[in-house]
Amino acid sequence: MSTASGQPRRRRAGVRPDDAGPRGRRWAAILIALGFAVSGLLGAFFYFLPVLTTALHDTGQARPATDPKRPGVVAPAPAAGRPFTVLLLGSDNDRKFVASHILTQTMILVRVVPTTHQVYMLSIPRDLWVPLSTGGSAKIDAAYEIGGPASAISTVEQDFHVHVDYYAWVGLNGLVDLIDRLGGINLIAQMPVLDDFYPADLAGGDPYGYRRIVVLPGPQFDQGLHALEYVRSRHGDLLGDIARSIRQQELLVDLRAAGHHLSVADLPGLVSALNGQFHTDLGLGQISALLPLAQGITSANVHNLIMLPPDFSYGTAASESVLFPNWPQIQALVARGFPSS
Amino acid sequence: MIRGAPRRLAALTILAVCMAGFGLGVWRLLGALQTRYPTGVRPDQSHALVDLPGTVFLAQGGVLYRLHNQSFRAITGFGGRWTQPTPVPGAPTLVAVTQTINFSNLVEMAANGGARRLLTHNAAPAQANNHWAFYPAVAPGGRTVFYAYDLHDPNASYNVTFAIMSQPLAGGAPTQWTTPNPYTGGDVQPVPLPSGGLLYSKFAITNGATYAQLWLQSGPGQAGSPLTPATADCQEPALSPSGRELAMICVNARTQHDTLEVAPFTGHGIGPRTIVPAGPLAASPTWSPSGRQLLYLAPSGKLGPFQLWWLRNPLARHPAAPAQVTTGLDLTATSAVTWR
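Protein chains in written order, with this note's numbering: chain A, 2 to 342; chain B, 1107 to 1446.
By construction, these hints were calculated from the structure, which means they are not laboratory data. One should not assume that every hint holds.
[To be verified] Partial pick of chain A residues on the chain B-facing surface, computed with a CB cut under 10 Å:
(1) Val171
(2) Gln191
(3) Pro193
(4) Asp267
(5) Ala318
(6) Ser322
The beta-carbon is built from N, C-alpha and C at its ideal position, and this holds for glycine as well.
When you get a sec, could you build the whole thing from the sequences and use the hints?
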């Protein structure tokens, strides 16, 4: 449309109510960008929601107090670059026990020295007969049953003269699901494992039944249940529970290798795998900080400390087969990787 | 104003949809950044990268496959648990293991998987009376099959260990060859020798250390002698068709690393062991029919499911780099391949 003089008719400013001018357009652009940013953040939020839920429920756990001397606390973060010690606990939560009162079949002290990328692992036999921090003496696997992680930590600290900075607990199902989530795990079985009395809880569905298992020796790529058979069986081995501890330490080396290529995008899947089967007093930030550290550790820098006779002697207490500690021997072994508290 | 409102509404709706799509895209992008784990495709849905001479038999996921002209074909049904195929010298048949809950048996079958014949009968009504049979190996001459069989200690029910047995392939009573160390897993991976003797892996636990040694024995019940030192932790012996070269896997369980090694074999002892450049986690070596090449299993990277690898000249002073034969599979690493 044009005027009689042939000039195009100028639109008057303010005639179109939706024409907000350059300033308005700038605001509109900012609002649109903000909308996209919020939408993207929401997408990321929902992606990491399982991680956040787990962070709230299962990490940064306060250690409940078991005695007046040890009030419940969240573990403080050790100074950056300083060595720290984690007590790894594994439980046979195979439906035979009340979930809050289970023994720890696995107790491994792990000391990490970030500056040198050295790792020391000490397996504590479950049958070791020790004074408990809660009073009396029992097999050390009962410490967790009686007083949870706080009792397990204080018993280990009291008997082994070490300081424990953190603990992490994982259930059998959690370990199986974690390995499956990783797609499987490479391990070298150091011997044939034959067990005619392997619990039929996970694969057989019978917490009180047994089944026969066989794990053939040598390199292999295993899914969770088969890998668990290798590290859980203890009957057909001259070293009994000690051999199982050695195999568990090997599995930790394998897990570290399998986790080498993980990224932050893998966290929700891993967390879902460990759903309810994992808790720790490490905070999520501390766990995240450990990931790059774990990637810098080679298997040659992992030092396995194993208790063997004469670190203990076989005997009977409270009508049970137990291991009686030889504390001077054990202290000497502990001192090879863990400073005295 | 009347016309502008719907336009604005439409624009806002489109913007909102785009924003929601962007959020969904971020969610999906993060999901796509997750580490992808190889799931192990079925061999008969893939092709070998290398055209190996002859025919190879191997196992994956409980199924036996035949590899010929770069193509795989399943020779057993899906849903079973078949493993460890081994050739019968002088016959067009194989012996393999079929495993189920609580027991396993040896079966002789045609090379196409047909005409099966059960060689052992290890199933029993009572769980404790079941038995395992693994690692079949047919002696030169094709008349006797050797295998690892779990012995039950009548006085100690936890002491279950493998011993090496032999029995006529045509049927007959088994003969126990070896006496395993108690509570060690026992003796496995028999290799019958042309001399009538036996080579195998014997496991032991001494001073808290668990290890394997290649062991040589001249007859059933005879005292044997080790061929490799305890500190080397060597197992999975494979004897070349000439009987003069031995391949083996030597393990460092603490670091979870191993090496593929070869050594000259005199019939009574072995010469110096040489590490072959096979990469990490090599397993289950097998010689070619010519005795100059090796097949073995190993992950395609440092980790992951096992693939088939080929070494053209493992005995050369400077062997060529191994060639990867398969990709994307999940071969059973405890099941040595058969190459004929």
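How the hints compare with the structure:
1. Val171: violated, 20 Å
2. Gln191: With a closest approach of 4 Å, the Gln191 of chain A hint holds.
3. Pro193: holds, 3 Å
4. Asp267: holds, 5 Å
5. Ala318: violated, 21 Å
6. Ser322: violated, 12 Å
The structure is inconsistent with the numbered hints 1, 5, 6, although it conforms to all the rest.
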